[in-house]
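Taken in sequence, the protein lines are chains A and B.
Number 146 in our numbering belongs to position 146 of the first sequence; there are no gaps in the numbering.
Number 52 in our numbering belongs to position 52 of the second sequence; there are no gaps in the numbering.
It should be emphasised that the hints constitute simulated quantities derived from the structure, not laboratory data.
A portion of the hints provided could be inaccurate.
Said to hold, decoys possible - For lysine-lysine, the following PhoX-like pairs were computed, each having C-alpha atoms within a straight-line distance of at most 25 Å:
#  : chain 1 : residue 1 : chain 2 : residue 2
1  : A       : K246      : B       : K278
2  : A       : K87       : B       : K278
3  : B       : K64       : A       : K244
4  : B       : K78       : A       : K246
5  : A       : K187      : A       : K87
6  : B       : K76       : A       : K3
7  : A       : K244      : B       : K78
8  : B       : K18       : A       : K99
9  : A       : K244      : A       : K3
10 : B       : K78       : A       : K3
11 : B       : K226      : B       : K278
12 : B       : K76       : A       : K87
13 : B       : K226      : A       : K3
14 : A       : K9        : B       : K78
15 : B       : K132      : A       : K20
16 : B       : K215      : B       : K308
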Amino acid sequence: MLKIRRLLKEVWVLFVMQFKTFRLMGPMAVVISGGLPLGLIIFLKFFFKQATPEIILFIISGNLVISLMSICIIMLSQSLANMKQIKSFEYYAVLPINKLSVILGIVLSFLVVSLPGFALLLIIGSLIFNLWVLPHPMIIVVALLTAFSLTGIGAIIGVYSRHFMQTNIISQIVGFGCILVTPVFFKLEALPLPLRYFAYLFPTTYSAEAMRTTLQGICNQKVLIDLLILTLFTLFSFYLTAVKLKWREN
Amino acid sequence: MKEIAISTKGLTKVYQGKVLANDNISLDIYQGEIFGLLGPNGAGKTTFVRQILGLLLPTSGSIKVQGIDVVREPEKIKTLINYMGQNPYALWHLTVEEAIFYTAYLRGTSKESARARTQSLLNRLGIKEYQKKLLGELSGGILKLCNFAMAMVAESSILVLDEPTAGLDPINKKVVWEMIFNLNKEKRVTIILVTHDVLEAEKVLERVGFINHSKIIALGTPGELKREVDDRLRIELVLKPDYYLSEAIRESLEKYGDLVEVHKNHLIIFPPKKEVLKSVEGINNFLGFGVIDDLRLTTTSLEDVYIKLGGEKIA
Numbered sequence: 001m002l003k004i005r006r007l008l009k010e011v012w013v014l015f016v017m018q019f020k021t022f023r024l025m026g027p028m029a030v031v032i033s034g035g036l037p038l039g040l041i042i043f044l045k046f047f048f049k050q051a052t053p054e055i056i057l058f059i060i061s062g063n064l065v066i067s068l069m070s071i072c073i074i075m076l077s078q079s080l081a082n083m084k085q086i087k088s089f090e091y092y093a094v095l096p097i098n099k100l101s102v103i104l105g106i107v108l109s110f111l112v113v114s115l116p117g118f119a120l121l122l123i124i125g126s127l128i129f130n131l132w133v134l135p136h137p138m139i140i141v142v143a144l145l146t147a148f149s150l151t152g153i154g155a156i157i158g159v160y161s162r163h164f165m166q167t168n169i170i171s172q173i174v175g176f177g178c179i180l181v182t183p184v185f186f187k188l189e190a191l192p193l194p195l196r197y198f199a200y201l202f203p204t205t206y207s208a209e210a211m212r213t214t215l216q217g218i219c220n221q222k223v224l225i226d227l228l229i230l231t232l233f234t235l236f237s238f239y240l241t242a243v244k245l246k247w248r249e250n
Numbered sequence: 001m002k003e004i005a006i007s008t009k010g011l012t013k014v015y016q017g018k019v020l021a022n023d024n025i026s027l028d029i030y031q032g033e034i035f036g037l038l039g040p041n042g043a044g045k046t047t048f049v050r051q052i053l054g055l056l057l058p059t060s061g062s063i064k065v066q067g068i069d070v071v072r073e074p075e076k077i078k079t080l081i082n083y084m085g086q087n088p089y090a091l092w093h094l095t096v097e098e099a100i101f102y103t104a105y106l107r108g109t110s111k112e113s114a115r116a117r118t119q120s121l122l123n124r125l126g127i128k129e130y131q132k133k134l135l136g137e138l139s140g141g142i143l144k145l146c147n148f149a150m151a152m153v154a155e156s157s158i159l160v161l162d163e164p165t166a167g168l169d170p171i172n173k174k175v176v177w178e179m180i181f182n183l184n185k186e187k188r189v190t191i192i193l194v195t196h197d198v199l200e201a202e203k204v205l206e207r208v209g210f211i212n213h214s215k216i217i218a219l220g221t222p223g224e225l226k227r228e229v230d231d232r233l234r235i236e237l238v239l240k241p242d243y244y245l246s247e248a249i250r251e252s253l254e255k256y257g258d259l260v261e262v263h264k265n266h267l268i269i270f271p272p273k274k275e276v277l278k279s280v281e282g283i284n285n286f287l288g289f290g291v292i293d294d295l296r297l298t299t300t301s302l303e304d305v306y307i308k309l310g311g312e313k314i315a
């Protein structure tokens, strides 16, 4: 119990420290966080002028998943790689804190800064496609578990890449690879059969499904099963980060 | 028998199978001592320190910090060691006060204690007026003081300081050295100093390890090392800038001992051991105070040791 309390305290302090980074960026942080998904939505509007509500739902939920993936794989790995490059990583590496705390602190700070972006995405996406959504509160849990389940991947890429350029390339390939092979913008049935089984190995499969359902204001048994599986992915992600990730250079 | 705080045996680090950074280093650092790690740039000091901190895996050899095997269990020593690295870029976006406070808090200090210690350090280091400024906005010297404060704010049994006074003015250097000295005397904290500021560090160092070309080439107290290099007393003589030191005057001064001209009008004379005071009096009478700008009787300094062991000639 004491360990969990200590971990939570570390996460909070590191979150606050990381969050203060954005004081240097000001409102630009919100613009950047909402920029990509908003841009994608506007772009897709031109391709889906007569989109059905189902397609619109896939677009909005898919963009939310992409945003979360961007934060937890691309931005997290790049943040860690940058810290290594400018040798600021060792500040954290010598402190008697859990590695997981640092990773979660970074991810949570990105998530909080992205909140306005997510809200904008929902509002503008609904406006553009003329489909108003009232998400179920469980969407917050879906978003958090999606983020946490992907942090392990981002952390490994960031810590073990040799340099920033390598991190940049690998994180983009892995991040968008996750999106492409999983039913984020389309139904699972649209994938060839072998790939369908492959898709079950990725947390984005479950998060996209849960995101679509909770966006409609629904939280059913399927959502709860998806959340349970995301929880397992999250625990594995935390295990990778806290136990297996080595910050000591070889 | 002195208790050992840090012990390395056969510590070797080779980067990418090619670059030998530390070669079979075995040394003990005792509990409560101020240990200086000296050496020219690229000698292997930072590699050595990073291995002790658990930031870098040795190629071979062992490291024990207060009995803990750092190679096998690097996480366990983090509560024992406070570290001041060469840059605080991690906290660029925080204010001075925040950086020091959060560092203390993350090191396990309570909130109230962290606040109190932060304010105390800001006052002692004379940087209170900068407390609300972002680290990224500070000058090099103030940033260094802030970095030093972050290393000093929490309690630990070992403190590793990498260039704590680089870029500081003489007044702030004095403050930092005094704080290091007092911390060691009051709390018996073991301190490892990596520094090029040997003239200042000499005042606090109890033992020195000199690294060059990846090996420890000298180890001992400053006195021992100085005696190994040159145990002679010397008269350091600085003449007024407009005084013309003729060949005749130079020859006359050589009567008092071996003469070495360091710079224009800056001489070092090595008198015979038993005639030191006689030589000082003789030089003074010969030249007169009107010509002498500065006269000191000194021994070899740690800087001379550094230069000699680093491979350059003194004069």
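Hints and how they fare:
A hinted pair counts as satisfied when its Cα atoms are at most 25 Å apart, and K246(A) with K278(B) does not qualify at roughly 65 Å. At roughly 56 Å between alpha-carbon atoms, K87(A) and K278(B) are farther apart than 25 Å, so this suggested pair is violated. With a C-alpha separation of about 23 Å, the suggested pairing of K64(B) with K244(A) holds against the 25 Å cut-off. Proximity of K78(B) to K246(A) is assessed by CA-CA distance (about 14 Å); at most 25 Å being required, the pair is judged to hold.
Between K187(A) and K87(A), the direct Cα distance comes to roughly 44 Å. Violation of the 25 Å bound is thereby established for this hinted pair. Distance restraint check for K76(B) and K3(A): the Cα-Cα separation of roughly 15 Å lies within the 25 Å cut-off, and the hinted pair is therefore satisfied. For the given pair, K244(A) sits about 18 Å from K78(B) by alpha-carbon distance, which is consistent with the 25 Å threshold. At roughly 31 Å between alpha-carbon atoms, K18(B) and K99(A) are farther apart than 25 Å, so this suggested pair is violated.
The straight-line distance between the Cα atoms of K244(A) and K3(A) is roughly 18 Å, inside the 25 Å bound, and the hint therefore holds. Restraint check for K78(B) and K3(A): the C-alpha separation of about 16 Å stays at or below 25 Å, so the hint holds. At most 25 Å may separate the alpha-carbon atoms for a hinted pair to count; K226(B) and K278(B) meet this at roughly 24 Å. For the hint pairing K76(B) with K87(A), the CA-to-CA distance comes to about 22 Å; that is within 25 Å, so the pair holds.
With a CA separation close to 51 Å, the supplied pair K226(B) and K3(A) exceeds the 25 Å bound. For the hint pairing K9(A) with K78(B), the CA-to-CA distance comes to about 18 Å; that is within 25 Å, so the pair holds. With a CA separation close to 13 Å, the supplied pair K132(B) and K20(A) stays within the 25 Å bound. For a cut-off of 25 Å, the pair hint linking K215(B) to K308(B) stands: about 16 Å separates their Cα positions.
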